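Undergrad: Chain A is already provided as a structure; the job is to place chain B on it using the hints.
The listed protein sequences derive, respectively, from chains A and B. If you're matching positions, the first sequence starts at 1 in this note's numbering and goes up one per residue. If you're matching positions, the second sequence starts at 1 in this note's numbering and goes up one per residue.
Note that these hints are calculated values from the structure, not bench results. These figures come from a predicted structure and were not determined experimentally. Treat the hints loosely; a few may be bogus.
From chain A, some residues computed to sit far from chain B (all C-beta separations above 10 Å) [stated by the list, open to error]:
1) 100
2) 216
3) 220
To give an idea of the interface, some chain B residues facing chain A are shown, with a C-beta separation under 7 Å as derived from the structure [claimed, not checked]:
4) 160
5) 164
6) 168
7) 173
8) 175
9) 176
10) 206
11) 220
Cβ coordinates follow ideal geometry from the N, Cα and C atoms, glycine included.
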Amino acid sequence: MAKRTILGAIAVLLVIAAAYAAFFVAPEERTMGMVQRIFYFHVSCAWAGLTAFSICFLSNLLYVWRRNEKYDWLGVSCAEVGAAFTTIVLISGPIWAKPAWGIYWTWDARLTSTFVLWLLYIAYLLLRTLIEEPDRRALLSALFGIFAFIDVPIVFGAIRWWRTQHPAPVIMGGPNSGLAPGMRGTFFFAVLAMHVFMWFLIAERYALEKMRGDVALLRQEAEAS
Amino acid sequence: MSLLSNAATLLRKEVRTEFRSRELLSTTIVFVLIVVVLFSFTFDPTSTESHRFGPGLLWLAFLFAASLMLQPCFLREQVNDTLSALRLAVADPFAIFLAKIGANTLFLLLTELLMLPVFAALFNVNFRGQLPGVLLTFFLGSLGISTAGTALAAISAQARMRELLLPLLLLPLLTPILVAATEVTVGLMSPEPAVQWKGIGFLAVFDVVFLTALWLFGEYLLEE
Numbered sequence: 001m002a003k004r005t006i007l008g009a010i011a012v013l014l015v016i017a018a019a020y021a022a023f024f025v026a027p028e029e030r031t032m033g034m035v036q037r038i039f040y041f042h043v044s045c046a047w048a049g050l051t052a053f054s055i056c057f058l059s060n061l062l063y064v065w066r067r068n069e070k071y072d073w074l075g076v077s078c079a080e081v082g083a084a085f086t087t088i089v090l091i092s093g094p095i096w097a098k099p100a101w102g103i104y105w106t107w108d109a110r111l112t113s114t115f116v117l118w119l120l121y122i123a124y125l126l127l128r129t130l131i132e133e134p135d136r137r138a139l140l141s142a143l144f145g146i147f148a149f150i151d152v153p154i155v156f157g158a159i160r161w162w163r164t165q166h167p168a169p170v171i172m173g174g175p176n177s178g179l180a181p182g183m184r185g186t187f188f189f190a191v192l193a194m195h196v197f198m199w200f201l202i203a204e205r206y207a208l209e210k211m212r213g214d215v216a217l218l219r220q221e222a223e224a225s
Numbered sequence: 001m002s003l004l005s006n007a008a009t010l011l012r013k014e015v016r017t018e019f020r021s022r023e024l025l026s027t028t029i030v031f032v033l034i035v036v037v038l039f040s041f042t043f044d045p046t047s048t049e050s051h052r053f054g055p056g057l058l059w060l061a062f063l064f065a066a067s068l069m070l071q072p073c074f075l076r077e078q079v080n081d082t083l084s085a086l087r088l089a090v091a092d093p094f095a096i097f098l099a100k101i102g103a104n105t106l107f108l109l110l111t112e113l114l115m116l117p118v119f120a121a122l123f124n125v126n127f128r129g130q131l132p133g134v135l136l137t138f139f140l141g142s143l144g145i146s147t148a149g150t151a152l153a154a155i156s157a158q159a160r161m162r163e164l165l166l167p168l169l170l171l172p173l174l175t176p177i178l179v180a181a182t183e184v185t186v187g188l189m190s191p192e193p194a195v196q197w198k199g200i201g202f203l204a205v206f207d208v209v210f211l212t213a214l215w216l217f218g219e220y221l222l223e224e
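Here chain A stands alone, though its shape is the one from the complex (with noise of 0.2 Å):
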């Protein structure tokens, strides 16, 4: 308990510490101007979310190879998690984009394929509320979490399909690619903030699903006896 309250705090003095960071200590992009400030929530929420989803991909194969519950709590806590940080993605994107491009959506194809993604873990959570008994809901749901997740690079493969206005990869993209110095330092120091405050909120929530775990199992022997 104590340890989750410290991992708490710290993952709140982080994300506030990012955020005044996003504002006062980072440089005003040239064209943008302030609404570009939103990137940095922006990115470090959708890293968050796709670092979750590959916790969760990761969870799903080890409850298949060694059928431990706790796995499938691990699983079904970044799923949720995962998919909260992804829905903020496609919250706040628009809000970037509304002044950016002009518009709120576009059916470009990172923007597409982030919703298919959001759209899979949303079937995945769906499915584990439709199958009642514990062990097959977390071995069938933990198939399909596999199945989904070789699936995203085949969605993102659709980039290279259609024209894309999102911009080209800014961060490990080419030669030209980059963020200033001043930027750099922000953005990456938000995408710290987000993963500690991910991580604060899968242990939450993996704490809770043990708890139901244990209830059940409780409730199961005061039947039995």
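TA: Coordinates of chain B only, in the frame set by chain A:
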């Protein structure tokens, strides 16, 4: 080798079951027809726009039809618990999946080929001279839809609200197929038709990836 011969035997069983009643095929064909007709009400199909929107509508109709057509492939086995018998009968459960994928691909392909002339007439497009390209696209697309769909039908058959759940799981997963197949079909239907090999390759990659995934994880889908 026993995997393939087992799968072939099971495939014959699937096809024979279907052709005794032909109810799956006839219902699916009528469903696709209804969807195509209803879609065409949403815009003027005589205009040049039909060349742009037509293939997308066609593939969307196939995807919707598949998400309904794939439902019975495991539910049918539950009625008399024949799935347990199947599992006991074959050494590798992948044979069951191969047979079901084969049968579903065949049924889907038949539906698509029967709908093609109707679609060409209704939307005033011409596929003549492009038949090999069309066949290849339809085959790779149907194989991908059936592979992912059979795997997910095995999941949804074990859940509540299964009729609604399968489309919900399947349709987002099939977006790459929808995109690639539509692009290739647009290319084949344009006034100067061309086969877009990039799209064909994309479809083939999807098929290979999902067949491999099913080969690796299929047996867990059928666990008791």
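Undergrad: If a hint holds in the structure, say so; if it does not, say that too.
TA: Here is what the structure says about each hint:
{"no.": "1", "hint": "100", "verdict": "26 Å, holds"}
{"no.": "2", "hint": "216", "verdict": "18 Å, holds"}
{"no.": "3", "hint": "220", "verdict": "20 Å, holds"}
{"no.": "4", "hint": "160", "verdict": "5 Å, holds"}
{"no.": "5", "hint": "164", "verdict": "9 Å, violated"}
{"no.": "6", "hint": "168", "verdict": "5 Å, holds"}
{"no.": "7", "hint": "173", "verdict": "5 Å, holds"}
{"no.": "8", "hint": "175", "verdict": "5 Å, holds"}
{"no.": "9", "hint": "176", "verdict": "5 Å, holds"}
{"no.": "10", "hint": "206", "verdict": "6 Å, holds"}
{"no.": "11", "hint": "220", "verdict": "6 Å, holds"}
Checked against the numbered hints above, the structure breaks only hint 5 and satisfies the rest.
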